[in-house]
Amino acid sequence: MKIRLTGTRSENQITTAALAELLPTITAPVQYRIREISDFYPNRSNSELGRVYVDLDIAGSVPDGPLSIERR
Numbered sequence: 001m002k003i004r005l006t007g008t009r010s011e012n013q014i015t016t017a018a019l020a021e022l023l024p025t026i027t028a029p030v031q032y033r034i035r036e037i038s039d040f041y042p043n044r045s046n047s048e049l050g051r052v053y054v055d056l057d058i059a060g061s062v063p064d065g066p067l068s069i070e071r072r
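For the sequence shown, position 23 (counting from the first letter as 1) is numbered 23 according to full-length UniProt numbering, and the numbering increases by one without interruption.
Hints listed in this document are in silico derivations from the structure and should not be mistaken for laboratory results.
Heads up, none of these hints are tricks.
Between beta-carbon pairs, the in silico distance windows are:
#1 Ser38 to Ala59: 18 to 24 Å
#2 Gln31 to Arg4: 20 to 26 Å
#3 Glu11 to Ser61: 28 to 34 Å
#4 Lys2 to Arg44: 17 to 23 Å
#5 Arg33 to Arg9: 21 to 27 Å
#6 Gln13 to Asp64: 31 to 37 Å
#7 Gly60 to Ser10: 31 to 37 Å
#8 Asp64 to Glu36: 27 to 33 Å
#9 Val30 to Tyr53: 17 to 23 Å
#10 Arg51 to Leu22: 18 to 24 Å
#11 Ile58 to Ala17: 19 to 25 Å
#12 Asp64 to Thr6: 27 to 33 Å
#13 Leu22 to Pro42: 21 to 27 Å
All C-beta atoms, glycine included, are put in the ideal place defined by N, C-alpha and C.
With the sequences and hints as input, model every part of the structure.
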């Protein structure tokens, strides 16, 4: 799975750090492992915004219906 984050360089750094800390603590019904976090790619305009891609491995199966997440 690939997640695209859009924001300032600082916002992307804070969010990717939070995801790297949070995602491994989720244990049921699936587990997430971050495979790669891309570099910051600035948008084409004079904006401070850009994007970062988070590439994940997902182990387990997602059941049909609402999802309840447990943390260790």
